[in-house]
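S.K.: Put chain P on the given structure of chain G with help from the hints.
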Amino acid sequence: MKRIGSLLSLALVIALLVSGCTAPAPSSTGGGEAASAPAETIKIGGAFNLTGELSSLDVPAANGAKLALAEINAAGGVDGKQVELIIRDGKTDPATVANITTQLIDSDKVVAMIGFTDSDSALAAGPLCQEAGIPFITAGATSPKLPSQVGDMMFLTPFGDNVQAAVGAEFAYDRFGPKAYLLWDKGTEYTTLLADYFKTRFTELGGEIVLEDTYQSGDKDFSAQIAKAKSLGEQPDFYYISAVPDDIGTTVKQFREAGITGPIVGGDGYDTPLLVEVAGDAANNVFFTTHALMDADNGSEAVKSFIEAYRTEYGHDPENAFAALGYDTMKLIVDAIQRAGSTDGAAIAKAIEETQGFPGVAGELNYSASEHVPRKGVTMIEVKDGKFTLAAEMVPEKVPAP
Amino acid sequence: MDDSLSRPVSVAQPTTWQRYAGVATPLLLLLLVTLYIQGASSAYIQRVWIILGLDIILVASLNLFNGFTGVFSLGHVGFMAIGAYVSAILTLPLEKKAINLPDLPAWLAHIQLGFFPAILIGGLAATLVALAIGRPVLRLSGHYVAVATLAFLVIVRVILINATPYTRGSRTFSGTPAYTTVWWVYGWALVTIYVAWRVLRSPYGRAMLAQREDRAAARSVGVRVLRSRMWAFGISAFLTGVAGALWGHYILSFSPNAFYFAETFSIITMLVVGGMGSISGSVIGAILVVLLSEVLRNLEGGFSLGVVQIPPLYGMSQILMAILFIGILIFRREGLLGGREIDLTKLFVVDYWRSVFRRKEV
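Residue numbers (this note's numbering), protein chains in the order written: chain G, 1 to 402; chain P, 1 to 362.
None of these hints come from the bench; they were simulated from the model. Quick reminder that beta carbons are idealized off the backbone N, C-alpha and C, glycines included. It is possible that some hints are incorrect.
Calculated lysine to any residue pairs in the SDA-like style (CA-CA distance at most 25 Å, straight line) [claimed, not checked]: (1) G/LYS384 with G/PHE176; (2) G/LYS220 with P/TYR260; (3) P/LYS97 with G/SER148; (4) G/LYS230 with G/ASP281; (5) G/LYS220 with P/ILE159; (6) G/LYS109 with P/PHE303; (7) G/LYS43 with P/SER42; (8) P/LYS96 with G/THR200; (9) G/LYS220 with P/GLY169; (10) G/LYS109 with P/LYS97; (11) G/LYS186 with P/TYR260.
Residues of chain G clear of chain P, computed beta-carbon distances all greater than 10 Å [said to hold, decoys possible]: (12) ASP152; (13) ASP213; (14) ASP246; (15) GLY315; (16) GLY341; (17) SER370; (18) GLY377.
To give an idea of the interface, some chain G residues facing chain P are shown, with a C-beta separation under 7 Å as derived from the structure [what the hints assert, rightly or not]: (19) ASP89; (20) GLN103; (21) ASP120; (22) ALA124; (23) GLN149; (24) LYS186; (25) THR355.
Next comes chain G alone, as it looks inside the complex (with noise of 0.2 Å):
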């Protein structure tokens, strides 16, 4: 009996893979909404990390691409093709990943991809989207190493880690001082990548690194780091603190709790509602580089009425800058389309590359064949009164070398 029993579910494993092989691509044309789609539709993968450690980041920058999305359709889509934007979950896991870029591309058959916040993902999709020709833009994933480790088919939305270290090494040299504490998170690419370039602006703008640390993402006791920064004789003149959203809160309220009360200075890692959250009145004096400020008083005017849009459609404020920049990414892709006049993967390449001023919520952006990073601006942000306010827009000086 029990042999049958297993036979049964793998004659059920074996139906599962069946229906499995003709289930219905899911799809997305806008808020979520069903969709009649047109019987030719333009369609774009978007690969996003919805669930697991990352989702934090890739959800905002999904909605963001979705709300793009609809408004594009509303505006009659490209040369009076409606757009679709075909929306599957990466899960955080490289696995995964990489079979749901094989899905988009070979399955679904779109013609360009977005998406993903990290340089692990991206490096797991992009040399898939190489391979098969097909553009690829991610969304969130600031390392500039990206477009020559996969290939000219690789874009980025967001600015390189570099430019922000430089911007981040400039404004506190100029505001704070030529001495700087710097503590890192060892655990991920993003976070030694900002340290190493800031490192590398510092110092060669004069300034001195009198102490330097590191700790593991997810750790939640910094005491020891906390202990080695206050032996020092003359604390310095400001600390420069590399983490990824989920610690920057925990970090930033254990140093001010032990007596650090100088400025921290750090990267778009903090650009999450969890600094304030977490940290309360202790965030106060926190000074980071991010893409946009996401506040409907004092943000641009793109930004105003990005966030207006946001609300409407999802009923809160964009969680952090990710939201504009999916926003952002989704109307570039179809702009580069319409300008190309064709779905042709190299003839979308090549209008990416074309881009000039191209007016986006978090920052203009401009690309040509050897930049596949964008030129563009970095958005300094002072947390005041528990707030985000703007302290600076800058284009940095120098750049260090990818």
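M.R.: Below, chain P without anything else, positioned relative to chain G:
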């Protein structure tokens, strides 16, 4: 505990060719399905099939240790990481090595091996580490082994992150040559299953099972507990290292995060679902979990059930898989197959069919 080895056969003893036919049938079936998928299916289905093959190797080799010795290792993904990194470093083309790993020591910076030797060295490296940590760790028993091997996994991760000249630290290791094909994967899967099957029927395998059932009794009749466990640990680490190498040359870009708790639990789920101690259970566990989670994942983007439209529910597949897992733990704690094997030999015994049909007539 009853197992297929000692169960009395009600019909006549199968002859040699019947035994061979029983073994060859599932293999032939596997070959046919693989050929069909290679020839007719989409690149996506081919991907899933390769991932499935990799998981079969991982689960079967974990079973060789956990299932046969009854000691639970949570650290096998550490061996997988060792295999993946060793093989990737050895096969990386020299010009990419100069860019990606500029600080490699000279003796490593100027060698580039073929796929097969790199796989073997990856597996052997995992074995060496297993033998080194095995002596102290395998003296423990019960939960202590689980905790100690989990600590081993953490150590491997910390070493990978800090051995920056070799692994790029926490940064993504990319540029691994795409050598892994479906034939490499299923070739090694066959080797793994064959090795597990031979080990189970060898004196060492008997010793493993004996000390699993009753350590004191086994020891009293002269079974060397530590030695039998070391054999299982070493062989299993080798095969897991091989799977890691194949995985690395298939996924191509990976970081230490890929070899951590998520992967550990995904393999253990397959092992527990299939049934610990059963080789065919490992295969069935892998097939069930991989295919079911892919099918569920494809449905979570929303679909239409005639008149009812199901909206997108991302993350639903993980929840459903977890419920399934809990269900199996409650209703079939020993897994789908328990300790038994699927034995197709009887399909080739005439008496078996006679008995089947006779039963139906009643």
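S.K.: Taking the hints in turn, state whether each one holds.
M.R.: Here's how the hints hold up against the structure:
no.	hint	verdict
1	G/LYS384 with G/PHE176	holds, 17 Å
2	G/LYS220 with P/TYR260	holds, 19 Å
3	P/LYS97 with G/SER148	holds, 15 Å
4	G/LYS230 with G/ASP281	holds, 21 Å
5	G/LYS220 with P/ILE159	holds, 20 Å
6	G/LYS109 with P/PHE303	holds, 19 Å
7	G/LYS43 with P/SER42	holds, 18 Å
8	P/LYS96 with G/THR200	holds, 24 Å
9	G/LYS220 with P/GLY169	holds, 21 Å
10	G/LYS109 with P/LYS97	violated, 35 Å
11	G/LYS186 with P/TYR260	holds, 16 Å
12	ASP152	holds, 16 Å
13	ASP213	holds, 14 Å
14	ASP246	holds, 13 Å
15	GLY315	holds, 16 Å
16	GLY341	holds, 28 Å
17	SER370	holds, 18 Å
18	GLY377	holds, 27 Å
19	ASP89	holds, 5 Å
20	GLN103	holds, 5 Å
21	ASP120	holds, 5 Å
22	ALA124	holds, 5 Å
23	GLN149	holds, 5 Å
24	LYS186	holds, 6 Å
25	THR355	violated, 26 Å
Of the hints listed earlier, those the structure fails to meet are numbers 10, 25, in rising order.
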